[in-house]
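Produce the complete structure using the sequences and hints provided.
Chains C and X, in that order, give the protein sequences. For reference, each letter of the first sequence is one residue, going 88 to 228 in the working numbering. For reference, each letter of the second sequence is one residue, going 35 to 825 in the working numbering.
Note that these hints are calculated values from the structure, not bench results. Nothing here was measured: the structure is a model prediction, and the numbers come from that model. C-beta atoms are modelled at their ideal positions from N, C-alpha and C, and glycine is treated no differently. Among the hints, a few may not be true.
Stated by the list, open to error - Computed footprint of chain C on chain X; a stretch qualifies when at least three of its residues, placed anywhere within it, have a C-beta under 8 Å from a C-beta of chain C:
| id | region |
| --- | --- |
| 1 | 224-238 |
| 2 | 283-292 |
| 3 | 539-546 |
| 4 | 713-723 |
| 5 | 737-749 |
| 6 | 754-762 |
Claimed, not checked - Which bits of chain C does chain X cover? Going by a derived footprint, with three or more residues having C-beta under 8 Å, they are:
| id | region |
| --- | --- |
| 7 | 95-106 |
| 8 | 154-162 |
| 9 | 213-220 |
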Amino acid sequence: MSERVEIRLIVNGEPVAKSVPARQNLVDFLREELGLTGTRAGCEHGVCGACTLRIDGAIARGCLVFAAQLDGSTVETVEGLSDSGEIADLQAQFLARNALQCGFCTAGMLVASAELLRRAEVPSRAEIREFLAGNYCRCTG
Amino acid sequence: MSGPLSFLDRPNSYIGRSVPRPNAKRLLQGRGTYVDDLRLPRLVHAAFLRSPYAHARIVRIDTARAAAQSGVLRIVTAADLAGVYTPWVGVLTHMKGMKSAPQHPLAQERARWQGEPVAAVVAESRAVAEDAVSLIEVQWEELPPLVSPEAALAPGAAPLHPELGDNLAFARSVDAGAVDDAFARADAVVEETFTFARHTGVCPETRSLLADFNPADRQLTLYCSSQAPHMMKEIVLRHFKLGEGDVRVVCRDVGGSYGIKIHVYPDEMTVIALALLLGRPVKFIADRLESFVSDIHARAHRIKGRIALSKTGEILAFEIDDLAGIGPYSTYPRSSVVEGGQVVNLVGSWYRSANYRARLAVAFQTKPPMSQYRAVGHPIACAVTEALVDRGAHALGLDPAELRRRNLIADDAYPWTSPAGLRFEKLSHQRTLARLMELMDYEGLRLEQRELRAKGIHRGIGLASFVEITNPGPAFYGVGGAPISAQDGCTLRLEPGGSVTCAVSITEQGQGTETVVAQIVASVLGLPFERVRVVTGDTERTPYGGGTWASRGVGIGGEAALQAAKALRANILALAGAMLQAAPETIDIAEGWIVEAATGARRIGLDEVGRAGYFRGDTLPPGVQPELVATRHYQPRDYPFAFTNGVQASWLEVDVETGFVTLLKHWVVEDCGTAVNPLLVEEQIRGGVVQGIGGALFEECLYDGAGQLLNGSLADYLVPMAGEMPDIEVAHLSTPTRGSELGAKGVGEAGTAGAPAAVMNAVNDALAPFGAHIAEQPMTPARILRALRRV
Numbered sequence: 088m089s090e091r092v093e094i095r096l097i098v099n100g101e102p103v104a105k106s107v108p109a110r111q112n113l114v115d116f117l118r119e120e121l122g123l124t125g126t127r128a129g130c131e132h133g134v135c136g137a138c139t140l141r142i143d144g145a146i147a148r149g150c151l152v153f154a155a156q157l158d159g160s161t162v163e164t165v166e167g168l169s170d171s172g173e174i175a176d177l178q179a180q181f182l183a184r185n186a187l188q189c190g191f192c193t194a195g196m197l198v199a200s201a202e203l204l205r206r207a208e209v210p211s212r213a214e215i216r217e218f219l220a221g222n223y224c225r226c227t228g
Numbered sequence: 035m036s037g038p039l040s041f042l043d044r045p046n047s048y049i050g051r052s053v054p055r056p057n058a059k060r061l062l063q064g065r066g067t068y069v070d071d072l073r074l075p076r077l078v079h080a081a082f083l084r085s086p087y088a089h090a091r092i093v094r095i096d097t098a099r100a101a102a103q104s105g106v107l108r109i110v111t112a113a114d115l116a117g118v119y120t121p122w123v124g125v126l127t128h129m130k131g132m133k134s135a136p137q138h139p140l141a142q143e144r145a146r147w148q149g150e151p152v153a154a155v156v157a158e159s160r161a162v163a164e165d166a167v168s169l170i171e172v173q174w175e176e177l178p179p180l181v182s183p184e185a186a187l188a189p190g191a192a193p194l195h196p197e198l199g200d201n202l203a204f205a206r207s208v209d210a211g212a213v214d215d216a217f218a219r220a221d222a223v224v225e226e227t228f229t230f231a232r233h234t235g236v237c238p239e240t241r242s243l244l245a246d247f248n249p250a251d252r253q254l255t256l257y258c259s260s261q262a263p264h265m266m267k268e269i270v271l272r273h274f275k276l277g278e279g280d281v282r283v284v285c286r287d288v289g290g291s292y293g294i295k296i297h298v299y300p301d302e303m304t305v306i307a308l309a310l311l312l313g314r315p316v317k318f319i320a321d322r323l324e325s326f327v328s329d330i331h332a333r334a335h336r337i338k339g340r341i342a343l344s345k346t347g348e349i350l351a352f353e354i355d356d357l358a359g360i361g362p363y364s365t366y367p368r369s370s371v372v373e374g375g376q377v378v379n380l381v382g383s384w385y386r387s388a389n390y391r392a393r394l395a396v397a398f399q400t401k402p403p404m405s406q407y408r409a410v411g412h413p414i415a416c417a418v419t420e421a422l423v424d425r426g427a428h429a430l431g432l433d434p435a436e437l438r439r440r441n442l443i444a445d446d447a448y449p450w451t452s453p454a455g456l457r458f459e460k461l462s463h464q465r466t467l468a469r470l471m472e473l474m475d476y477e478g479l480r481l482e483q484r485e486l487r488a489k490g491i492h493r494g495i496g497l498a499s500f501v502e503i504t505n506p507g508p509a510f511y512g513v514g515g516a517p518i519s520a521q522d523g524c525t526l527r528l529e530p531g532g533s534v535t536c537a538v539s540i541t542e543q544g545q546g547t548e549t550v551v552a553q554i555v556a557s558v559l560g561l562p563f564e565r566v567r568v569v570t571g572d573t574e575r576t577p578y579g580g581g582t583w584a585s586r587g588v589g590i591g592g593e594a595a596l597q598a599a600k601a602l603r604a605n606i607l608a609l610a611g612a613m614l615q616a617a618p619e620t621i622d623i624a625e626g627w628i629v630e631a632a633t634g635a636r637r638i639g640l641d642e643v644g645r646a647g648y649f650r651g652d653t654l655p656p657g658v659q660p661e662l663v664a665t666r667h668y669q670p671r672d673y674p675f676a677f678t679n680g681v682q683a684s685w686l687e688v689d690v691e692t693g694f695v696t697l698l699k700h701w702v703v704e705d706c707g708t709a710v711n712p713l714l715v716e717e718q719i720r721g722g723v724v725q726g727i728g729g730a731l732f733e734e735c736l737y738d739g740a741g742q743l744l745n746g747s748l749a750d751y752l753v754p755m756a757g758e759m760p761d762i763e764v765a766h767l768s769t770p771t772r773g774s775e776l777g778a779k780g781v782g783e784a785g786t787a788g789a790p791a792a793v794m795n796a797v798n799d800a801l802a803p804f805g806a807h808i809a810e811q812p813m814t815p816a817r818i819l820r821a822l823r824r825v
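In structure tokens, the structure reads:
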């Protein structure tokens, strides 16, 4: 259990080199080792979607991936997507429509929404619902 | 509206405007601060060993192997905490005859529910703590579980707490009017037994606590995910023998709460004890799996109900018998009997009938404790009432909307007292129903329904009128001995630069508390909204108050803010008047400027007033002492509660082959009085409706006969997700309460209160052609097929 693995990866555009416990998942790695607390652990079994982020450009559940698997990978989180301005329009619309209350699920919602917009320029309401059906929000429903 | 122009109607008022929430920006950038985001020096982590059995004697606990693990700092069982705390009893003294047993942070000799904390490990990381938990060896002696409330109350059932004598936690009855006579002369009587399954809150952020004790200055700081920081402080100082100056409770961002985070949990009390013992910060973040067996559950009720009607469509009487199981302890400090009590209070109360009988029995059992969760009792009372009304309409061959029209309390009949003694100041049931009919095109929808039925498509329309208890006064908890404040306070300070800092005792869990308070303060003071900075969630920085629960934030805290703003405004005008040699009544504040009241002409900026007040006292006339801070408190006194009302409708399709329900549309017409921010009101309603739909269709803590939870993960416990939810259209009416100048009532629970009833009635409407009906929630496909007698 104490086995450690050396990894080098790019997180939000910055190179990171760390020795991580073999069993540490990506969310814990980001939060505990890098202080990137914007990605949240909501269920730690891949259902709630609060930890949705990007690995090598594709969205993934951060709780279902070990940090040790990510040597050579590129990881993007809500912090990076905010700083780069990539999701600024989405954030502005979430704010204007009050598409969040407590905010715990919001990072995952934004990353998933950005992915949907990348796949379909103007998704229908039904497509939006279906795509976001993997992100649990208790406040706004 | 007649009368003088209120502060709410001033030019540039923010009241009634859908201002976006400034504090949402940090949440959108992943820069929020929930408890698990905090890092403190020397921080250690706690994990719990929980009882794997519903009922078992703890024969022996061996912690040696666990304690030997590298990184483990301390392991405690019940005996190790003796003397650190005093146990608690979740009894409210005004609930006559209520009883419960003392509860401890860790199970003493017996564990009484699967999930009860038994031992705690503190380690350098959560992972190491969990490893050590798995190495603790417990020798258990299984005892017979007491799962169903019926079994718990059966004659001869062994009492779960021998000192209590039996398993009856609480009983209550109401008998108003002439119920027997009403049923005897009724032309139609409909009876039904309703079952509401246990479900739970599933907060996105699980229960979280960081307890930091600094023995050098004897300061305990609790960073918690809570709705009621002042209550938590009072509880902690009482039970850990600390002084009022020794404890500070801080709530930063709270990742959802819905009533789950206003209770005292034994694991959290253990964490506080550990911080005191270790003299360093201890963090506990419940994981999702342990949340299912340690968060409070709610809604487990079996209700036998009946309704009496005349052939002219007059409701003559309601009668119910409610049996609820609350787990082994009444939850502290709000108790676990309020949900049943609210069912008894509420059933039928929005109809004119004066004849009402209700019985409630609340039983101890070996399941997790049950207590208040969003809309406490309302979803059950509403579903029972509205289902009986629909069944009554069916029996009489009347349209369900028409039966409601004939029996809802008339809008000009107020003040009104319900048979159970609820006092309604002024409600708008008839107008909300009329508005709903128009909004949903009721007649058009009925036509569409008939046409589709002919094609074998089975859609249903369900209506549900409701009332919601909001703005509770001190008679709710305080009178029963609980350290729960019914009042709230607001302190405003004009800063030298002309902005205002506002500290308010109501709290934010994403509802928009801080935004709404800023809107009120900015409107009354005549400031741009951006110049009001709101501080919440810190017992050291805010006035004393109850917090945010029971739909009380805006109605109570908002009024305190309004009164504080009026007081600060008077102080500012007094100082500005002295500076300008003008009588205060001839000047006003608008958009951050002191203006001439008559013409609106700008004289000086508030920054100039602030600077004179704080830095240039030398320029002020003799005897002028600027007072640029004002505090006001408010609590409702005229009525025990400010009731709101509304009506909901559900339009859905049932696949009679599979039992699946597709929600097509949902409508809500609500009347919460003054809506300070209509967007936030609508989002409270929508989120509440979805939470109600969860209980109606999906959510259930499934237990086997041994008291074992069968679906304690998010993969197995179904929550409502975007894919299944309908569009929810919301319309507002406004009947402000006269108990406050703001006139705001609560709105946080209205959606949850009415949605399960509307959905259940819609399902039954869809099933009507088959002569089938369902009275069990959640209405799963299997249960619907059973109702259709297809399985």
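Hint by hint, here is what the structure shows:
Proximity of the region 224-238 of chain X to chain C, defined as three or more residues with a beta carbon under 8 Å from a beta carbon of that chain, is established by the 4 residues found. A count of 6 residues in the region 283-292 of chain X with a Cβ less than 8 Å from any Cβ of chain C is obtained; the coverage claim is therefore met, three being the minimum. With 4 residues having a beta carbon nearer than 8 Å to a beta carbon of chain C, the region 539-546 of chain X meets the requirement of three or more and the stated coverage holds. Counting residues of the region 713-723 of chain X whose C-beta lies closer than 8 Å to any C-beta of chain C gives 6; at least three are required, and the coverage claim holds.
With 3 residues carrying a beta carbon less than 8 Å from a beta carbon of chain C, the region 737-749 of chain X meets the three-residue requirement, and the given coverage holds. With 8 residues having a beta carbon nearer than 8 Å to a beta carbon of chain C, the region 754-762 of chain X meets the requirement of three or more and the stated coverage holds. Counting residues of the region 95-106 of chain C whose beta carbon lies closer than 8 Å to any beta carbon of chain X gives 0, which falls short of the minimum of three for the stated coverage. Only when three residues or more bring their CB closer than 8 Å to a CB of chain X does the claim for the region 154-162 of chain C stand; here the count is 0, and the claim is violated.
Judged by the Cβ-Cβ criterion of 8 Å, the region 213-220 of chain C is covered by chain X as claimed, because 5 of its residues qualify and three suffice.
In the structure shown, a violation is registered for the earlier hints numbered 7, 8, in ascending order.
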